[in-house]
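Chains as they are written, first to last, in my numbering: chain F, 1 to 195; chain W, 1 to 264.
Think of the hints as simulated: they come from the structure by calculation, not from any bench. No incorrect hints appear here.
No farther apart than 30 Å at their CA atoms in a straight line, the calculated lysine-lysine pairs in the BS3-like style are these: (1) F:K149 - W:K40; (2) F:K26 - W:K66; (3) W:K163 - W:K238; (4) W:K163 - W:K222; (5) F:K131 - W:K40; (6) W:K135 - W:K117; (7) F:K131 - W:K66; (8) W:K66 - F:K101; (9) F:K150 - W:K40; (10) W:K66 - F:K27; (11) F:K149 - F:K188; (12) W:K177 - W:K222; (13) W:K186 - W:K157; (14) F:K188 - W:K40.
Bear in mind that the values here come from a model prediction, so they are computed numbers and not experimental data.
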Amino acid sequence: MFLAAFTSSGPREVSPDATLLLRLLKKDVGAFEQLYDRHARLVYGLVLRILQHASTSEEVVQDVFLQLWRNAAHYDSSRGPFVPWLCTLARNRALDQLRLKSERQRRREDQPDRLPSVVVAPDYENALDEKRRAEHVRALMASLTPQQKKAIEMAYFEGLSHSEIAAALKQPLGTVKSWIRNGLLRLKEGLRAAT
Amino acid sequence: MKNCDQFRELLEGYALGALDPEERTALEAHLATNCPDCAKALEEARLLVSQLAYVAPEAAPSDVLKGRLMQSVRAHSEPQLQMPPRARLIPIWLQATLAALFLFSMYSAWNARRMQKEIREANARASELLSERQKTEQQLVMAKREAMIMMDPTSVKIDLWGKDSHPAQLEAKWHSKLGVCVMGEKVPMPAANHVLQVWFIPKAPGSKPMPSMMVVPDADGKLVFVVSNPPEPMDATKAIAITEEPAGGSPWPTSTPLWVGNVT
Chain F
1 MFLAAFTSSG
11 PREVSPDATL
21 LLRLLKKDVG
31 AFEQLYDRHA
41 RLVYGLVLRI
51 LQHASTSEEV
61 VQDVFLQLWR
71 NAAHYDSSRG
81 PFVPWLCTLA
91 RNRALDQLRL
101 KSERQRRRED
111 QPDRLPSVVV
121 APDYENALDE
131 KRRAEHVRAL
141 MASLTPQQKK
151 AIEMAYFEGL
161 SHSEIAAALK
171 QPLGTVKSWI
181 RNGLLRLKEG
191 LRAAT
Chain W
1 MKNCDQFREL
11 LEGYALGALD
21 PEERTALEAH
31 LATNCPDCAK
41 ALEEARLLVS
51 QLAYVAPEAA
61 PSDVLKGRLM
71 QSVRAHSEPQ
81 LQMPPRARLI
91 PIWLQATLAA
101 LFLFSMYSAW
111 NARRMQKEIR
121 EANARASELL
131 SERQKTEQQL
141 VMAKREAMIM
151 MDPTSVKIDL
161 WGKDSHPAQL
171 EAKWHSKLGV
181 CVMGEKVPMP
191 AANHVLQVWF
201 IPKAPGSKPM
211 PSMMVVPDAD
221 GKLVFVVSNP
231 PEPMDATKAI
241 AITEEPAGGS
251 PWPTSTPLWV
261 GNVT
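The shape of chain F in the complex, shown without the other chains (with noise of 0.2 Å):
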């Protein structure tokens, strides 16, 4: 099961961002500031991946820690590891942004800001630490085709759909579905195999 990649075997802990999260639903500033401190450079690295732009970058980081803070509560620690959750919750406002800028009216419904409702364990983030698991990611996308790696990051950072991934590369559909499925299998396999 890929799920169990996130498994820890091992003796549970809490993680320091389980602690956090605990105090931020007391709206506690110091725990809010050392939740910031901890994932404002994994956040503000992707959405500035997907703005391209320093200053709107910085608003869209801002807007997502805002909403941490009001919304704290609706991030629930059973439901999922929380860098994940601030992730995608970071990716949707970004992508919002985009397209806002752009005026692309394409939708995006199939992206909602809450995590997977299946069950991970909480500890997830001991079984591999985050500096680790970005280098693991980064080694495991590095070592797709180019075409798989173009096609998925046009999708996860552009929020480009498999036709206009197709368009943009001229190249068939089919083709662009095939190169995003199995370069995501890939990195699938590789993410499990690391643990």
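With chain F held as given, fit chain W onto it using these hints.
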């Protein structure tokens, strides 16, 4: 119609947000059937896609952003922190002690007010009883004095005859040391706001009647009073008269005497 395996092929694209509308609509319709395997596979796909965030190189936002963000957060948190300062600074045990002291002081104040009220009421009752006792003692003294005047053989009897066919007759006795005692029954009540006033008429020619006590009979018409200090001695007094005068008395008679008795 597609089966689950065919839908599974769409899950990564769906999690990525890359499906075209037709495929997305079809997949969502299938997911709406609560297919447990596809739902679980979708969560795996979403978790997988979320890992792509690490592909983006980390970058440091400006310190200005953090400052702005913390300022906003602190501004939002202020209402949460606006607890009563004393409540945060004073330990709970001290708050409880202060609350107990406050309640005790409130009770003490209430109890003191209650006791003061009771003392005032007791004093009033005592004063009333004392007044009644003094009155009774005075009545007793006067009764003794009346009896002594009336019984003493040295007292001089004076009949007070009613004028103008006044029905009642009063009897008086004058004791040279104890004074004059006047008694009578069936004495008519004077008019409203009027009293009966006693006059001593001196023997000296040209002398004016000397005003004395003001009295009223009781509800049964009984009249008893003692003039302890007559204005003139007995041998200098020609007669005793009683007139009806306005309440408060008069310095001289304003009406015809109702009773007159010669002092012999």
